[in-house]
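Trainee: Could you use the hints to bring the two separately framed chains together as a complex?
Protein sequence lines correspond, in order, to chains A and B. So the number in this note's numbering is just where the residue sits in the first sequence, counting from 1, plus 9. So the number in this note's numbering is just where the residue sits in the second sequence, counting from 1, plus 18.
Keep in mind the hints are simulated off the structure, nothing from the lab. One should not assume that every hint holds.
Unchecked claim - Here are the simulated SDA-like cross-link-like pairs (lysine to any residue), alpha carbons at most 25 Å apart as the crow flies: (1) A/K180 x B/G154; (2) B/K175 x A/E276; (3) A/K173 x A/E195; (4) A/K310 x A/S182; (5) A/K255 x B/D167; (6) A/K126 x A/R103; (7) A/K208 x B/W319.
To be verified - Incomplete in silico selection of chain A near chain B, CB under 7 Å: (8) S59; (9) V61; (10) E181; (11) T216; (12) K221; (13) T224; (14) Q227; (15) A248; (16) E267; (17) E270.
Unchecked claim - Partial pick of chain A residues on the chain B-facing surface, computed with a CB cut under 10 Å: (18) S57; (19) F219; (20) K244.
The structure displayed is predicted, hence computed values, not measured ones. By construction, the Cβ of each residue, glycine as well, lies at the ideal position given by its N, Cα and C atoms.
Now for the letters of each chain:
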Amino acid sequence: MSIARTIRIPAALVVAAPLLASCKGGEGKSGAAANAAGPAPIAIITPSPSNVFFKSESDAAAARAKELGYEPLVLSHDDDAAKQDQLVDLAISRGAKAIILDNAGADASVAAVRKAKNAGIPTFLIDREINATGVATAQIVSNNYQCATIGAQEFVRLMGEKGKYVELVGKESDTNAQVRSQAYNEVLGQYPKLVQVAKQSANWNQTEAFEKMETLLQAHPDVTGVISGNDTMAKGAAAALKAAGKHVVVVGLDGSPEAIEAIKAGEMDATVLQPAVQMARSAVDQAQSYIKSGKTDHPEKQALDCELVTKDNANQFGVFARKGAA
Amino acid sequence: MMILRLRAYIALIVLVALFAVLSPSFLTTGNLIILTKQVAINAILGIGMTFVILGGGIDLSVGSIVGLCGMVAGWLIADGLVLPMFGIAIFFKVWIVMLLTALVGVGVGVVNGLLVTRFSVTPFIATLGTLYVARGAALLMSGGATFPDLAGHPSLKNTGFPTLGAGSALGLPYPIWVMVVLAAVSAFVARKTPFGRQVYAIGGNEKAAALAGVRVPRVKLLTYVISGFCAAVVGLIITSQLVAAHPATGGSFELNAIAVVVLGGTSLTGGRGTIGGTIIGAFVIGVLFNGMVLLGVSEFWQTVIKGAVIVVAVIVDQLQQRMQQAALAKTPT
Chain A
10 MSIARTIRIP AALVVAAPLL ASCKGGEGKS GAAANAAGPA PIAIITPSPS
60 NVFFKSESDA AAARAKELGY EPLVLSHDDD AAKQDQLVDL AISRGAKAII
110 LDNAGADASV AAVRKAKNAG IPTFLIDREI NATGVATAQI VSNNYQCATI
160 GAQEFVRLMG EKGKYVELVG KESDTNAQVR SQAYNEVLGQ YPKLVQVAKQ
210 SANWNQTEAF EKMETLLQAH PDVTGVISGN DTMAKGAAAA LKAAGKHVVV
260 VGLDGSPEAI EAIKAGEMDA TVLQPAVQMA RSAVDQAQSY IKSGKTDHPE
310 KQALDCELVT KDNANQFGVF ARKGAA
Chain B
19 MMILRLRAYI ALIVLVALFA VLSPSFLTTG NLIILTKQVA INAILGIGMT
69 FVILGGGIDL SVGSIVGLCG MVAGWLIADG LVLPMFGIAI FFKVWIVMLL
119 TALVGVGVGV VNGLLVTRFS VTPFIATLGT LYVARGAALL MSGGATFPDL
169 AGHPSLKNTG FPTLGAGSAL GLPYPIWVMV VLAAVSAFVA RKTPFGRQVY
219 AIGGNEKAAA LAGVRVPRVK LLTYVISGFC AAVVGLIITS QLVAAHPATG
269 GSFELNAIAV VVLGGTSLTG GRGTIGGTII GAFVIGVLFN GMVLLGVSEF
319 WQTVIKGAVI VVAVIVDQLQ QRMQQAALAK TPT
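Just chain B, same shape as in the assembly (with noise of 0.2 Å):
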């Protein structure tokens, strides 16, 4: 029971411990710090996917906003927010471009969230509805092209975005601080705040929840927030670090995501998890990743031993909640 229960961390560990000795390149300051900062990106789309997962829906459209998001900020930094009836282009500086573009990240999922609890339309659906406007909507944008150099310019005041992806304090690069905060925020909040036991709750059982007084459509809709902040804010991270935004990035991003949950031992159905497994899902990931291109591992095996990576833990996860229901069914009463 106990080992089934730190699966996510002892194939951590057991992983670690692997490349360490496959390759002496692995364990060095400088790759680890390279490592956290990649996981950063699975972590935080992770963090507002549990949220969601949690309450026992599924947001598909993380990718999509990831793509959408760094095209907004790209075309405010490289062309200004454009108001033809006036003829004019207004500038932002950097920290505005960036409010405004987690706003469409909240806005994207505030219509994923009325789509499912207004409309009841199921998330599954919604949220594929989104991923396509989302991305769509990020093609249009450019017509396709990628907003290239956003440095921006001194003369209009906007520069200093490429800092959030390449900057670093204490020696760790941002993304990963954006992390940890993210992270401790979130572990505080599904924890010790009514909002997160009530989506605790809600993914347990829906019903019992509406009956106990739980508000349902709104805390619901407040995943689906969450989970659109987290993708603006990988869409800065991602457009910052490449310096430019194409509107195809973040493709798939969105099942990377729901791989770091379900590894975390989040269960797909709901009420049950915690972001301190979703980052450890994040890092088995990342290390995954990290290792295999250190060994020069080809392309093909490393998509085939993620995804047996993935259906191990999934099978490890059945395991437990049939040992536990033997458990349960056993304890007198």
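The shape of chain A in the complex, shown without the other chains (with noise of 0.2 Å):
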């Protein structure tokens, strides 16, 4: 028994040691020794890379600094704040240059960043906001309030300002989906003519979307509008417009490939494309160069705009950045 528990531990790790050899896939392969010779390593934590959004800025940050000279050390905080705190601290003990972050929580994240900046290392924020400033060196973000806008009146147009309409809200618990409910309404409401039956949360979900939609469909066979506060969701409903046989209007939010591809085929309206591609290789840069002069020649909130992409211009754009620009 005893034995048998001595043993346990070692043969965890027999089992472990080809497998993790097996599967450095990933761009997060680790270097002979911390502060070698070798390239500085640049940590980029971002969100599940499950989310092919955040695996694009992921990629695209790896790919820049790596042009760079740098070592991209990838991680995955999985919206865990606690995880992001332990990958914090695995990049301030690799010694990392400067950590790339799209954070797990505009609140919970605050402490982590700060703990880094003390340890000498500067974060340069992507795609989500933390509640403090003058702790990260910069935040670049979209602007979902100008993305939800320009969305919404294109939802407008194709809408021809009448009309009933459901809203599928993204988790209520994230800020981005509040700021974009909050543009959409705004915008939306300065429409008599144009009338929100019912608005309901599918938590940028998929499965859920396709399932609240067919159920709003009972009670509301005469929508002639969807609008929804990302891609995902906004792809669900048209699955299950499609399989209930209505033609309406469904405009998203993200501009993920899919639904480019859906508004080419004619399943979806309209999308706006967040730039999460240009938002990491900005990053990446204005980290190259903060770390080189100690400075970034930008405000530390930079906010970017967004891209309406319909079925006119959805050829021009590849995956989260416009074909070419990156």
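Mentor: Below you can see the structure in the form of structure tokens.
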């Protein structure tokens, strides 16, 4: 029994070691030693790459870091602030020159960013802000308000300024969901003939959006439009509408590759492309400038505008960027 | 006593009456069909989960199996079975894709079963492990991306996959038929076959069952296989409905499945419960969800109310057990 107990942990390591060795497919290959003569590491920490948006920004940042001669250390915090904190510790101990971070919560991330700063490592936030200034070196986000506004304006145009519509909201505890919904309602509220018959959260989730749309169509079979807080939910709603044999206006937000394909196929009408690739590259560029000269020549808070994607210009966009831009 | 035993039915009737009064679109044929179709997802997962729980186990991996199987189906249809050593990709007819996908679900079930029976890992930990492994595998299959547009291609002879989710027979969508068939077969298996009675026996008292000659490991393993198969079926249905496979599909479905089983009166300690109860439990959750969406109840309240209903159901369950024990104690011997 005691033998079994003593060999248990070594045994687990024996099992894990070859597994790990065979899985080093990610960009986060560890170099020989922390501060060896090799390229200096830059940590890139994002939410789960199971979402193509985060994967794109992570990939773009890693590619740019490599171009500039750094070793990208790619990590994912899975929207867990505690895990994010550990990853920041890891970045500090690995001697990272900078941290590119899509953070795990506006309040919950402040301490981790401050810890990095105190350790002499600048943090460049992308996609999501934190509720503190002067802690991160830069906060480069897309202008969610502007993104949602141009999406809503296109929705108004497609609807002909009238009709009944459904709004699908993202996870209601998420600031981006609130800002987008607010911008939608400010634009759409100006048109008295545009009537919102239902507003439901589908938690950014495709399956949930599918089921909610199916149900809402029972209560409101006469809707002529759906405006959604992101593309994943818009795709779910579009699938439900297609199954019900209905053709209505569907507008999403994010500019995901799947949404752009759906627009080309006529299943969705418009989306708004967030410049994820541009944000990530810009963050790495500013990190490089800060490492070399101690300043970035940019204000801390930077908001990038989004671009409207419709059937007319869908061919001009690749994965979260204009084709040829990255 | 009688009232308590019927609690799931009563809860269902009360909810239906409530929503019928509050929303004019609730009691329409169209809505009831949609509702039942959505119930099918939790009901099918719940059927598999019922066997596992009746046998004294738990299966936390079903949500991940849903995601993994959806990805397998999506991959086989979109890319085909790629054999790099021969430089070819084999595309299968849709029914073969479904069969292979079901086999993947069964395979994960076998792994769960072996972990529990052969390696004596507690069911909670064993299936927690496969929860992570299966989810990771689903993400690895596409590097996190979606397989979009699974309509198939006529030249590859693999069209028709969306029919499972969108088609119907006699006015009822296929997912409902799948639920009805699985429920009927499972109820028969649980009640009338030696295997079914052995599952109850193991959940009631595993040692006694073993002494009575029940081959405990084999029966237990089969319960996990059934659960894996049911999860694969759900993965196919969802992927077919969305005509796209996303690796994160099915997150926290295992909790919904456990909830409907418990709502249906199955004891989490095993040995007591029915398939019929699980179906009713799935309808309680489905009616709640549907009614609250129709009424425009906010997401936060939906979550709170769903949780409250589950907890109240379990409190009633405990009450019932205590009363039964009290009644037994009073019975003169």
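Trainee: Next step is simple, just say for each hint if it's right about the structure.
Mentor: Outcome of the hint check:
Taken as a hint, the A/K180 and B/G154 pair is honoured in the structure, with Cα atoms around 24 Å apart against an allowance of 25 Å. Note on B/K175 and A/E276: the hinted pairing holds, with a Cα-Cα distance of about 24 Å set against a maximum of 25 Å. Pair hint A/K173 plus A/E195 holds up; C-alpha atoms about 16 Å apart against a cutoff of 25 Å. Simply put, A/K310 and A/S182 have alpha-carbon atoms about 23 Å apart, close enough for the 25 Å limit, and the pair holds.
The suggested pairing of A/K255 with B/D167 holds, with an alpha-carbon distance near 18 Å, which does not exceed 25 Å. Between A/K126 and A/R103 the alpha-carbon distance is near 15 Å, which keeps this suggested pair within the 25 Å criterion. Under the criterion of a C-alpha separation no larger than 25 Å, the hint pairing A/K208 with B/W319 is consistent with the structure, at around 14 Å. Nearest Cβ of chain B to the Cβ of A/S59: about 4 Å, under the 7 Å cut. The hint holds.
Interface hint at A/V61: satisfied, since its Cβ lies 6 Å from the closest Cβ of chain B, which is below the 7 Å cut-off. Annotation: A/E181 was flagged as interfacial toward chain B, and the flag holds, the nearest CB pair being 6 Å apart, inside 7 Å. Here the hint on A/T216 is kept, as its CB sits about 6 Å from the closest CB of chain B, short of 7 Å. Because the closest C-beta pair between A/K221 and chain B is about 6 Å apart, less than 7 Å, the hint holds.
Look at A/T224: its Cβ gets to within about 5 Å of chain B, closer than 7 Å, so that hint holds up. At a threshold of 7 Å, the smallest CB-CB gap from A/Q227 to chain B is about 4 Å, leaving the interface hint in force. Hint status for A/A248: holds, given a least beta-carbon distance of 5 Å to chain B, under 7 Å. Below 7 Å, beta-carbon pairs count as interface contacts, and A/E267 has one with chain B at about 5 Å; its hint therefore holds.
The criterion of a C-beta within 7 Å of any C-beta in chain B is met by A/E270, whose closest approach is roughly 6 Å, and the hint holds. This hint holds: A/S57 has a C-beta 8 Å from the nearest C-beta of chain B, less than the 10 Å allowed. At a threshold of 10 Å, the smallest CB-CB gap from A/F219 to chain B is about 6 Å, leaving the interface hint in force. Taken as an interface hint, A/K244 checks out: its beta carbon lies about 7 Å from the nearest beta carbon of chain B, inside 10 Å.
Hint compliance for this structure: no hint is broken.
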